[in-house]
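Participant: Using the sequences and the hints, build the whole thing.
Note that the working numbering numbers the sequence shown so that position 29 is 29, with each residue one more than the last.
Treat the hints loosely; a few may be bogus.
Cross-link-like lysine to aspartate or glutamate pairs, in silico, DMTMM-like; alpha carbons within 20 angstroms at most [to be verified]:
| hint | residue 1 | residue 2 |
| --- | --- | --- |
| 1 | K73 | E47 |
| 2 | K82 | D38 |
| 3 | K77 | E57 |
| 4 | K29 | E57 |
| 5 | K82 | D36 |
| 6 | K29 | D84 |
| 7 | K82 | E47 |
| 8 | K77 | D17 |
| 9 | K77 | D67 |
| 10 | K73 | D38 |
| 11 | K82 | D34 |
| 12 | K77 | D38 |
I should point out that these hints are in silico values taken from the structure, not numbers from a laboratory.
Since the structure is predicted, the reported quantities are computational estimates derived from the model, not experimental observations.
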Amino acid sequence: MQTPRRILLIQLRAIGDVILTTPALRVLKRHFPDADIDFITTPAPAEILAGNPNLHEIILYPYRANDFAGFLKFCVKLYRNKYDISVDYLGTTATAVMSLASRAPRRVGYRLRFRRCFYT
Numbered sequence: 001m002q003t004p005r006r007i008l009l010i011q012l013r014a015i016g017d018v019i020l021t022t023p024a025l026r027v028l029k030r031h032f033p034d035a036d037i038d039f040i041t042t043p044a045p046a047e048i049l050a051g052n053p054n055l056h057e058i059i060l061y062p063y064r065a066n067d068f069a070g071f072l073k074f075c076v077k078l079y080r081n082k083y084d085i086s087v088d089y090l091g092t093t094a095t096a097v098m099s100l101a102s103r104a105p106r107r108v109g110y111r112l113r114f115r116r117c118f119y120t
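Facilitator: As C-alpha cells, this is what we get:
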C-alpha cells in the first residue's frame, strides 16, 4: 500500500464517542506524519477536537432528519476531496455511504448486513 496522503475519520455520535476516537488520531499521525487527517462529526463534539494538532480539518455534518438533498450535497463534497483511507467508527447506513463517497481505496468500518459492500 502506498503511503496515504489523506485520511478520513467518521464519528457522528456524542462527545464521549468522539473522545474515544482521539487515541487513533495520535497513532495515525505517528504512522503517517505527512498525511492530512480530516474528521467528520456533528457540531457539539467538534469543540472537543478543535485545536487537536493531529487534525487537518474538522468537517461538520449538520444532521437534519429527512434532508436527503443536504446529505447528497455533503457526499459530493467528500467525493471531491478524494481520500486514501476512510475509517467509519459508527457503521450506520449514512456513514457507510459517506465512506464510499470519499473514494478511498481502503475503507474500514463495521461490515454488518448489506453495508459490508461499502467497505474494503
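Participant: Indicate, hint by hint, whether the structure satisfies it.
Facilitator: A quick look at each hint next to the structure:
no., hint, verdict
1, K73 / E47, "violated (24 angstroms)"
2, K82 / D38, "holds (12 angstroms)"
3, K77 / E57, "holds (13 angstroms)"
4, K29 / E57, "holds (13 angstroms)"
5, K82 / D36, "holds (12 angstroms)"
6, K29 / D84, "holds (14 angstroms)"
7, K82 / E47, "violated (25 angstroms)"
8, K77 / D17, "violated (24 angstroms)"
9, K77 / D67, "holds (16 angstroms)"
10, K73 / D38, "holds (18 angstroms)"
11, K82 / D34, "holds (16 angstroms)"
12, K77 / D38, "holds (13 angstroms)"
Checked against the numbered hints given earlier, this structure breaks hints 1, 7 and 8; the rest are met.
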